[in-house]
Structure formats: structure tokens, C-alpha cells
Amino acid sequence: MTIISSRIPLIYTPKVLELFRNPKNLGKLDDTSVVAQAGSPACGDVISIYLKINDKEIIEKASFESYGCAANIAAASILTEMIKGKTLKEAWEITWEDVTKELGGLPAIKYHCSILAVGALKRAIRKYYAEIKKSLPPWIPKELSREEKQALEVEELIERMYKKFSG
Amino acid sequence: MSHIHELLKKHGKPPREVYFDHENSGWVPPEVVEEMLPFFNLKGYGHPAITNLPGWEAYEVVEMTRRLVMKVIGAKQEDDIVFTHSGTEANNLAIIGTALANRKKGKKIVISSIEHPSVIYPAQELEKMGFHIVMVPVDKEGFVDPEILNAIVDKETILVSIQMVNHEIGTIQELQELVKAAKDANPEVIFHTDAIDALGRIPIDVNKLGVDLLSLSSHKIHGPKGVGVLYIHEGIKLRPIIHGALSTQKLWPGVENVPALAGFRKAIELAFDNFEANVTHMRRLRDRLLYGILDSVEDVLVNGPVEDKRAPDNVNVSFLYVEGESLTVELSLRGIYVSSGSACTSRILEPSHVLLAIGRKHEEAHGSIMFKISRYHDEEDINYALSQIPNAVRRLRKFSPLVPKHKTQ
Chain A
467 MTIISSRIPL
477 IYTPKVLELF
487 RNPKNLGKLD
497 DTSVVAQAGS
507 PACGDVISIY
517 LKINDKEIIE
527 KASFESYGCA
537 ANIAAASILT
547 EMIKGKTLKE
557 AWEITWEDVT
567 KELGGLPAIK
577 YHCSILAVGA
587 LKRAIRKYYA
597 EIKKSLPPWI
607 PKELSREEKQ
617 ALEVEELIER
627 MYKKFSG
Chain B
2 MSHIHELLKK
12 HGKPPREVYF
22 DHENSGWVPP
32 EVVEEMLPFF
42 NLKGYGHPAI
52 TNLPGWEAYE
62 VVEMTRRLVM
72 KVIGAKQEDD
82 IVFTHSGTEA
92 NNLAIIGTAL
102 ANRKKGKKIV
112 ISSIEHPSVI
122 YPAQELEKMG
132 FHIVMVPVDK
142 EGFVDPEILN
152 AIVDKETILV
162 SIQMVNHEIG
172 TIQELQELVK
182 AAKDANPEVI
192 FHTDAIDALG
202 RIPIDVNKLG
212 VDLLSLSSHK
222 IHGPKGVGVL
232 YIHEGIKLRP
242 IIHGALSTQK
252 LWPGVENVPA
262 LAGFRKAIEL
272 AFDNFEANVT
282 HMRRLRDRLL
292 YGILDSVEDV
302 LVNGPVEDKR
312 APDNVNVSFL
322 YVEGESLTVE
332 LSLRGIYVSS
342 GSACTSRILE
352 PSHVLLAIGR
362 KHEEAHGSIM
372 FKISRYHDEE
382 DINYALSQIP
392 NAVRRLRKFS
402 PLVPKHKTQ
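Order-wise, the sequence lines are chains A and B. Heads up, the first sequence is in the numbering used here, so the first residue is 467 and it goes up one at a time. Heads up, the second sequence is in the numbering used here, so the first residue is 2 and it goes up one at a time.
These aren't lab readings, by the way, just hints derived from the structure by calculation. Just so we're clear, the structure is a prediction, and the values are computed from it rather than from any experiment. We treat Cβ as the ideally placed atom computed from N, Cα and C, and that holds for glycine. Any given hint could turn out to be false.
In silico lysine-lysine, BS3-like type, Cα no more than 30 Å apart, as pairs [as the list claims (entries may be wrong)]: (1) K552/A <-> K399/B; (2) K406/B <-> K494/A; (3) K494/A <-> K362/B; (4) K527/A <-> K408/B; (5) K552/A <-> K567/A; (6) K181/B <-> K109/B; (7) K494/A <-> K593/A; (8) K555/A <-> K567/A.
A short, non-exhaustive set of chain B residues, derived as facing chain A with CB atoms under 10 Å [as the list claims (entries may be wrong)]: (9) V323; (10) E324; (11) S375; (12) P402.
Derived coverage of chain B by chain A (criterion: at least 3 residues anywhere in the stretch with Cβ under 8 Å from a Cβ of chain A; other residues may be distant) [unchecked claim]: (13) 4 to 12; (14) 284 to 293.
Let the hints inform the model, and build the full structure from the sequences given.
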């Protein structure tokens with residue numbers, strides 16, 4: 467049975483609208499070190515994060531692709547701005563709440579957009595160490611971070627709903 | 002804390018605007034507003050159930066609007082028309098009121114899988130009260146098959162509710178045939194149709210259709226918000242679902258919205274004055290917009306039927322690889338106001354049930370955009386829309402990770 471919630475228009479902050487209109491760091495990177503994705507087409511939200519990482523483990527360039535609502539595009543865009551020039555360790559410490567705050571806030575129903583953006587970033591960082599460096603630094607826990615877990619939950623929820631509707 | 006003022010400031014007023022969201026609600030022309038204004042403070046501001054001059058004046062409005070509604074749908078007597086305060090209320094009264102008054106005859110209620118939420122949700126409420134709800138499937142254009150309906154309706158069935166015109170994809174049901182199919186299976190069955198999206202688009206004749214109950218709404222025909230209608234054929238039993246005193250109507254208490262009723266009457270007059278010409282005009286613009294989009298944008302799916310089986314005002318397409326909510330914001334910034342069947346706009350994390358019912362995948366439903374043509378649109382409006390839509394879609398596709406690789410080169 468459908469969960470009914472009240473429906474007010476999505477009241478985006480000027481920052482969200484600005485980034486939707488003029489997103490920064492858009493598209494694939496030519497010299498990507500690592501790329502990771504969060505979300506699923508079925509749920510209407512996908513964020514891909516591209517990172518160019520130098521020898522000192524500093525993010526030289528970051529970019530994104532997005533399929534989703536205005537909040538999704540804005541969250542991915544601002545996150546790529548926030549991590550540029552940061553070390554991977556510093557980037558790892560960014561939470562979805564930090565991204566939401568940077569956007570001047572999001573409607574509660576759109577929190578998952580920040581979660582997916584940070585989830586994609588953390589997946590990229592984990593992948594970089596696991597697949598390229600072949601070992602995880604001590605500051606990356608073996609078990610998934612909050613955002614990685616939540617991204618997974620969103621993806622699984624949609625998978626279940628999709629099965630329900632596809633019979 | 003709401004940022005609505007900052008949002009509006011940031012959005013700004015686009016130099017050119019075309020409103021295509023008449024499905025959700027529309028603007029009200031000045032002639033209609035003028036008709037309403039005296040009833041706020043010059044006359045008829047009383048209660049239409051009270052015996053004094055302002056009350057009589059108010060009652061005259063209720064009566065005149067009722068007579069015009071009767072005329073345009075072919076109703077025979079004044080008691081057949083109940084005014085509610087919205088189309089949602091009319092549908093709720095039809096579903097719950099009929100079920101409660103006829104529960105001794107049976108517990109089965111049949112609705113189509115693409116009904117408006119104001120039919121589906123009350124039906125779901127009835128399910129909690131022990132009624133049995135069966136949803137008839139639709140084909141990929143949204144049509145209910147009369148044979149399937151005939152097979153589903155049985156002696157236990159007290160009510161069938163099938164929309165005349167679908168609100169999202171514009172499917173015009175073969176309603177007369179569906180009524181016949183249902184009544185052949187059970188002559189006692191009560192047939193309700195939500196005709197809210199049919200009014201002003203296709204002729205409605207309750208006698209020819211053979212329906213027992215029919216819902217209408219003012220704000221879908223450039224009337225003011227706040228008036229719904231339920232037509233009830235003589236002899237059909239309903240129980241009131243809200244209770245109160247002092248009303249001119251037995252089935253719907255609460256003071257009638259007299260200014261809105263005055264406006265609704267004017268809106269009906271305007272829609273029916275040149276009915277054929279209005280419909281022809283809408284249909285022509287509908288096809289210019291639809292085929293214009295198909296000619297200028299790749300990977301677009303048409304949701305619902307085309308040509309004569311589709312409502313003359315409805316265009317609904319899915320732009321693949323983009324998400325509908327971001328496209329509504331993108332188009333809004335360009336002064337084109339539309340809505341989407343995407344999950345992101347629905348607040349319930351599910352895309353439009355109508356699009357899923359006609360077999361669209363989730364990601365196809367997410368990219369859906371609905372345009373509703375009005376008789377007030379002209380060629381220039383369509384030209385402007387067609388000058389913006391391809392660019393809007395292109396911009397969002399440029400950074401969508403879903404665009405297949407061979408299409409990005």
C-alpha cells in the first residue's frame with residue numbers, strides 16, 4: 467500500500483537553483499584515476515563521481531554526472547567543489563550533512579541526494595585504495611560508512627519496489 | 002524554515018511564459034473572476050439555505066449553476082446534482098457513499114488500475130472496512146477491455162468506477178461499452194465515472210453513457226478552485242460521508258462556495274459556447290506540440306493513445322535518460338510550466354501508477370512530462386515551447402550517466 471505524505475512544492479534554496487542552472491565540474495574527466503556511482507535509474511537518482519588523484523593522494527580534479535532531480539545535480543556539483551585540493555583522508559571525512567549545509571539546506575525528502583553524492587564519493591575513495599593501491603589505509607574502516615550503507619539501502623529498496631511493480 | 006521568497010527571487014519571472022499544467026490546476030480568466038466578485042460583498046454573500054435577501058440571492062447562484070450543469074451533461078432533475086468543494090470530494094462521495102449505502106447487496110468494488118488517487122485511495126479505505134477491491138488492468142494505451150470487465154463484475158459487485166478520460170495520459174475510454182459490459186454481468190451494479198478530465202474536452206451525456214454517478218470539477222475548465230460535482234442518477238442510494246447541518250443539499254453539508262459556483266457557471270458557458278471550435282483548436286495544437294517534440298528530440302516515448310482516442314488537450318511523453326523533476330525545473334526557468342510523473346515529484350517514492358499500469362519501466366516513467374493544452378493557447382505558445390524543449394532536454398542529457406555511449410559521441 468502506498469505511503470501518503472503531505473505534498474508541498476519542493477522549496478529549494480537559491481544555492482540549489484544556482485547550481486542546477488550553472489553546475490560546476492560537469493561531465494566525465496579525461497584523466498580519471500577512479501570513478502564510482504551511487505543510486506539506480508529505477509529510483510530516478512544516479513550520481514557518478516570522477517576523481518583525478520595525484521601522488522600525494524590529493525584530489526586534483528573532481529567531476530560528476532547526474533541523472534536525477536535538481537537537488538541531486540546541486541548536491542553532486544557542490545561536493546565536487548568541496549573536495550577539490552583536499553587529501554583523500556580529508557574528503558573521506560565529509561558527511562552528507564556537510565553537503566546539505568553547504569547547499570543552504572534541502573527539503574527533507576531530498577536528503578537522499580546528499581547521501582548518494584557522499585556515498586558515491588566514499589565508494590570512489592574506497593575503490594581507489596582497494597583496487598589501485600591494493601590496501602586500505604587505517605582511516606577507512608572495513609565496514610561500510612554511513613553514506614555507503616544508506617546508498618546501498620536506497621538501491622535495495624528500489625530493487626524490491628521494482629520487483630513488486632514488475633510483477 | 003522555508004526559503005520560498007529567496008527561491009522565487011532567484012527564479013525570477015521569465016520574459017515569456019506558457020502555462021501547460023492545467024491538469025493540476027489552471028488560471029481563471031477575467032470574465033470568470035468578474036462573475037464571482039459581486040458575491041463576496043455586494044450580493045448573495047449570505048447563506049444559500051437561509052430565508053433572507055442575501056440568502057435568496059446566494060441560492061439563486063446555486064440553482065442557476067445546477068441547471069447549467071444539468072444541461073451540459075443531460076441530467077433530468079435538480080436532485081441529481083450534488084455540489085462538493087472539490088473533484089476529490091465528489092469521487093470520495095461516489096465511492097464511499099455508494100459502498101456504505103449498498104453494503105448489504107455485496108462487498109465487491111471494481112476500479113481500473115489507472116484511476117485518479119481520489120478514487121483509488123477511498124477504495125483502499127473501504128478495503129480496511131471489509132470491502133473487496135478488484136483493479137481491472139488496462140492495455141498499453143490505458144484502455145479497459147469490456148470483455149475483461151464483464152468477466153470480473155459478478156453478483157457480489159456493487160460498484161464499478163472507471164474514468165471517462167484519464168487525467169495523465171488522456172485515454173478516452175469506450176465508456177458506453179464498458180457500462181454495458183458491467184450491467185450485462187450484473188444489472189444491479191452501480192457505475193461511476195470520474196469525468197473530471199472529460200468536461201469541456203469531449204461531449205458528456207449521462208443518458209447515452211448509461212452511468213449512474215459522474216464526477217466533475219470546476220478548476221479543470223478554467224473555473225475557480227473549490228467546486229466539485231457529483232451527478233447521481235435518480236434512485237441510486239448513497240450515504241453522506243461528512244455530516245453537518247444547514248445546507249441546501251442532503252448529501253453534502255457545509256455552506257456552498259457561492260462565488261466559486263458563480264465562476265464555475267461562467268467557466269462552463271465559456272467552454273461550451275464554442276465547444277466544437279475549442280476542441281478542434283486544442284486538438285490541432287496538441288498534435289503540433291506532440292509531433293514537434295517527436296521531430297526535434299530523440300528517444301521520446303508517447304504515453305497513451307494518439308489521434309481521436311486521446312483527449313484533445315493531452316500530451317504526455319517520456320524523455321529517456323533524463324529525470325522528469327529536473328526537467329520541470331529546467332523548463333520552469335525557461336517559462337514553460339509542466340508537471341512530471343516522476344517519483345521525485347510525487348513524494349511517495351514511486352513514479353506515476355498510471356505509467357506503470359500501461360507497462361512503462363520505472364526509468365521511463367521518471368522521464369515523463371505532461372502538457373495540457375487549453376483553448377487559450379495559440380500557435381506562438383507552441384512555437385515557443387518547441388524552441389525551448391529540445392535545448393532543455395539536451396542540457397540535462399549532456400551530463401546524464403544513463404545516455405548510452407554511442408549516443409554521446
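Agreement of K555/A and K567/A with the hint, judged by alpha carbon distance not exceeding 30 Å: holds (20 Å)
Pair hint K181/B and K109/B, alpha-carbon separation not exceeding 30 Å: Since the Cα atoms of K181/B and K109/B sit roughly 18 Å apart, the hinted pair holds (cutoff 30 Å).
Satisfaction of hint between K494/A and K406/B, Cα-Cα up to 30 Å: Roughly 12 Å between the alpha carbons, so the hint for K406/B and K494/A holds.
Evaluation of the interface hint that places P402/B against chain A, nearest CB under 10 Å: holds (4 Å)
Three-residue Cβ test at 8 Å for the coverage of the segment 4 to 12 of chain B by chain A: Per the Cβ count (7), the hint holds.
Hint consistency between K552/A and K567/A [alpha-carbon to alpha-carbon, up to 30 Å]: Within the cut-off at roughly 19 Å; holds.
Agreement of hint S375/B with chain A interface, Cβ distance less than 10 Å: With Cβ-Cβ at 21 Å, over 10 Å, it is violated.
Restraint outcome when E324/B is required to lie within 10 Å of chain A by C-beta distance: holds (5 Å)
Closest C-beta approach of V323/B to chain A relative to 10 Å, hint status: For V323/B, the interface hint holds, since the closest Cβ of chain A sits about 7 Å away, which is under 10 Å.
Distance restraint between K494/A and K593/A, which requires alpha-carbon spacing of 30 Å or less: holds (17 Å)
Claimed coverage, the segment 284 to 293 of chain B by chain A - three or more beta carbons nearer than 8 Å: As far as the segment 284 to 293 of chain B goes, the hint is violated, because 0 residues have Cβ atoms under 8 Å from chain A.
Given pair status - K408/B, K527/A, alpha carbons within 30 Å: holds (25 Å)
The structure does not agree with the numbered hints 11 and 14 stated previously, though it agrees with the rest.
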